[in-house]
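Asks: Residue numbers (the numbering used here), protein chains in the order written: chain H, 68 to 570; chain D, 1454 to 1777.
It is worth saying that the hints were derived from the structure and are not from the lab. As the structure is a computational prediction, the values presented were derived from the model and not from experiment. Just so you know, even glycine gets a beta-carbon here, dropped at the ideal spot from N, CA and C. Each hint should be verified, as a subset may be incorrect.
Facing chain H, according to a computed beta carbon distance under 8 angstroms, are these residues of chain D, among others [claimed, not checked]:
#1 1492
#2 1501
#3 1525
#4 1532
#5 1557
#6 1561
#7 1564
#8 1586
#9 1603
#10 1607
#11 1636
#12 1641
#13 1645
#14 1665
#15 1760
#16 1773
The calculated DSSO-like cross-link candidates involving lysine-lysine, where the alpha carbons are at most 30 angstroms apart (straight line), are [to be verified]:
#17 1735/D with 1755/D
#18 1482/D with 411/H
#19 1511/D with 1692/D
#20 411/H with 1590/D
#21 411/H with 1735/D
#22 1736/D with 1774/D
#23 1736/D with 1692/D
#24 1538/D with 1562/D
#25 1538/D with 1736/D
#26 1758/D with 121/H
#27 1562/D with 121/H
#28 1562/D with 1736/D
#29 1482/D with 1509/D
#30 1727/D with 1774/D
#31 121/H with 316/H
#32 1758/D with 1511/D
#33 454/H with 411/H
#34 1482/D with 1511/D
#35 454/H with 170/H
#36 1509/D with 1735/D
#37 1736/D with 411/H
#38 1590/D with 1562/D
#39 121/H with 1735/D
#40 121/H with 411/H
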Amino acid sequence: MDTIGGLLQGFDVALTWSNLTMCFVGVFLGTVIGVLPGLGPPATIAMLLPLTLKLEPTGAMIMLAGIYYGAKYGGSTTSILLNVPGESASVVTCLDGYQMARKGRAGPALGMAAIASFVAGTFGVIALMLVAPPLARLSLAFSAPEYFALMVLGLTMVVLLSGESLTKGLLSMLLGLWIASMGTDLFTATSRFTFGQTALLGGIDFVIVAIGIFAIGEVLANMEPHSAPEMLPVPKGLRNLLPTWEDMKACRFAFLNGSLVGFIVGILPGAGSTIASFLSYGIEKAVSKHPEQFGHGAIEGVAAPEGANNAETGGALVPLLTLGIPGSGTTAVLLAALILWGFKPGPLFIQESPTLFWGLVASMYIGNVMLLVLNLPLVAVFAQLLKMPAFAMYPMILGVSLVGVYSDSSSIFELGLLAIFGLLGYGMRKLDFPNAPLVLGLVLGDAMEKALRQSLMMSQGHVSILFRPIPAVLLAVAAVLLIVPLFKKFNAMRVQVLDQEAP
Amino acid sequence: MNLKKMLCAVAGAALVSVGAAHAQWKPTKTVDVIVHTGPGGGSDLLARAIATLMEKEKLLPVRMQVINKPGGNGAVAAAAVSERKDDPNTLALVTSVWIAGPLTSSEAKVALTDLKPIACLVFDPAVFVVRTDSPYKTLKEFIEAAKANPGQLKQSGGSVTSRDNIVRQQLQHATGARWAFVSFPGGGERLAALLGGHVDMMVIEPQEAGEQVRAGKLRVLARLSENPLPGYPNVPTLKEAGYDITPTPQIRAVMAPPQMPAEAAAYWEDRFAKLHASPSWKKYLEENQLDDHFTNSAELGKLIKQIEDELRTQYQAAGVKVVR
């Protein structure tokens, strides 16, 4: 298929007034539900589905896709301002985004989130357009052993996320892995760690844990009487609201990293945007010249994961549109929508419905520009939130967290869980345990366990299946990541000893 | 005398109203349809379609709204329906998951037999598929190959309690063949594992497989459905393929809270019978490749009991711990 011709045809479709309107409605709705914790894109799209039946399908698809990638832009807002992740893909943005806000750099953090989203989101669309079919076939080579190795690689990031004490980091990660194992086991139908609770049969939602530990824990720690509730410094002047040229230069690699990692992970049906954002954050910290600034407001720590979760959208559309395989909750609902409108998503889809495919691709270029234009001015508005005094701010964070969790599940039980994890987060802060490794273990643990057991079921118990080419390389990289810090430590000790010996 | 007249009138009025109530209970407020999946899941989409079709066919004086009670593999939703006790304005759209959960998890306290049956709507159809480049042209060839190499061939599917695994158990039991079952949480992952050559066979919904078959990626070996599937001509049932097995059906049915009053239950049974007879329902089933299987309340009750017994036997044979 002639790409240029297809794209021109696509812009022809996307640039009609009605489709431009649909695109704007989609990205606007997406930004709104992204900003609000709780309600996510799959639920929003499913609820809007019956309405879209009366619309023209191309326009409707443009709108629904707009909700999907628009939500990724909005998700960072509450992460940065309130330490409440707006979407699961924005959990890792809390680590440095919120610290930036505490240092009076909320504006640059929000601005960088929007810019990184735009850069990587556009990269995702370009890649979707250029390399979708061959990459989709390649993604099928990835199966359980490869996923297992990828998750192991992800878990080695604990070394980077632990801070002062690796022991505390590992304990925190184990807690996360344990929480990930709760619920009904897929392979044996056995209940694990459900404590007799019906509601725990399906496991614990990752977002509840993240909101509890990050947001509620933070509020509790700040309410202690002796720590005078500090007001967050509010950036003054337009110049301080946007990232500086130095910020942009510092994030050059983060843009590339976020774009590539997000897109590649997005293509794999067994991963997803949360894993993509964690991986790109880890890579960013690993290659950084000043890793010690991560977790204390490094702007690359916002740019990389926010970029990754937007490039992931383009990646996730690859198996959906070229193979008819949905890799996530949102793409599964989009698949249902395409079928409802009478399309045939599958290996022949691009050939048979070029208007829809190219119209969608073109609309995503336009939508990403709209989102940048929409989100940058919002930075100024949202940054004003920080002017609120502590007595209004902390109740608001609690309120936003509670409403977010309840709107997603309508269950009082989950509010109880939120309280428990809030207390856990508070305790971890008091005892100086890093909380990022817990969330890391929770995100990767479930997928890693499943992938390992699937691999061994495929090989009838032979471990050799984990050492076929792709997983072998990934596992080797993981081993290097674990061993190198040991050498550094050893070297530092050696230098120290030498210094002492030399008079 | 006046008093007597009045009494008569009151009694008469009371009789009339009782009679009317008995024959003509009608919902007066929005009806809740509880499902166990989140928005966008299979039951959720079907429930929303039912609400739309009820409105289109003007079968209800009120609106129907879908209530999502995800979590606990159906157990949270079942508990929610049970808590509505005698509410005549609550229904549930259930699947076989509601039967399987309580059998294997003691935490799932409400069995489907505890709820009041209204009507069975459809059986979920499925087809056995392999890759087009696979050497197996028929189900028999696959099973013979599995017999020759015990445990070597692989099938991708859902949970160990899912229908995919149950039909595998039944076939293994009947033929003595043995092959592995690899669980994947998502339908997309199962399909990707088959297309990528990591497993050899899968049991899949006809709609999910349709485009892959048309594009020449997958070959269909047999079907699990009573009625012929549109788009899959000449695909044999298990019996036609040479295996005398009655697969345990996967149902989608309407249930009600345990103590729903009889007149309300009768009303709902009648409404769903009317929905089933409507042309727009037929069209919906065809478009979504669902296997039409309507039964009334009494038959649905028997059907659930029968499925529960069959699943219990199959789970025990598969080594899954059964708790009730």
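Asks: Report holds or violated for the interface hint on residue 1760/D, using the least CB-CB distance to chain H and a cut-off of 8 angstroms.
Replies: Violated, because the Cβ-Cβ distance from residue 1760/D to chain H comes to roughly 16 angstroms (cut-off 8 angstroms).
Asks: Given the hinted pair residue 454/H and residue 170/H, is their alpha-carbon gap at most 30 angstroms?
Replies: Given pair residue 454/H, residue 170/H holds - Cα atoms ~13 angstroms apart, limit 30 angstroms.
Asks: Given residue 1561/D as an interface hint, is the shortest Cβ-Cβ distance to chain H below 8 angstroms?
Replies: 6 angstroms, holds
Asks: Hinted pair, alpha-carbon criterion (30 angstroms max): residue 1590/D, residue 1562/D. Please report holds or violated.
Replies: 45 angstroms, violated
Asks: Going straight from one Cα to the other, do residue 1482/D and residue 411/H come out at no more than 30 angstroms?
Replies: Roughly 39 angstroms between the alpha carbons, so the hint for residue 1482/D and residue 411/H is violated.
Asks: Against the 30 angstroms threshold, does the CA-CA distance of residue 411/H and residue 1735/D hold or violate the hint?
Replies: Since the Cα atoms of residue 411/H and residue 1735/D sit roughly 21 angstroms apart, the hinted pair holds (cutoff 30 angstroms).
Asks: Does the alpha-carbon distance linking residue 1482/D and residue 1509/D stay inside the 30 angstroms limit?
Replies: Within the cut-off at roughly 18 angstroms; holds.
Asks: May I ask you to test the interface hint for residue 1773/D with respect to chain H, counting a Cβ-Cβ separation under 8 angstroms as satisfied?
Replies: 5 angstroms, holds
Asks: Under 8 angstroms, Cβ to Cβ, is where residue 1636/D needs to be relative to chain H, so tell me if that hint holds or is violated.
Replies: Cβ of residue 1636/D sits 5 angstroms from chain H, so the hint holds.
Asks: Can we keep the residue 1532/D interface hint, with Cβ of chain H closer than 8 angstroms?
Replies: 6 angstroms, holds
Asks: Hint check: is the beta carbon of residue 1492/D less than 8 angstroms from a beta carbon of chain H?
Replies: 3 angstroms, holds
Asks: Does the structure keep residue 411/H and residue 1590/D at a Cα separation of 30 angstroms or less?
Replies: Given that 30 angstroms is the threshold and the Cα spacing comes to 26 angstroms, the pair holds.
Against the hints set out earlier in the document, violations occur for numbers 7, 8, 9, 15, 18, 19, 22, 25, 26, 27, 28, 30, 31, 32, 33 and 38.
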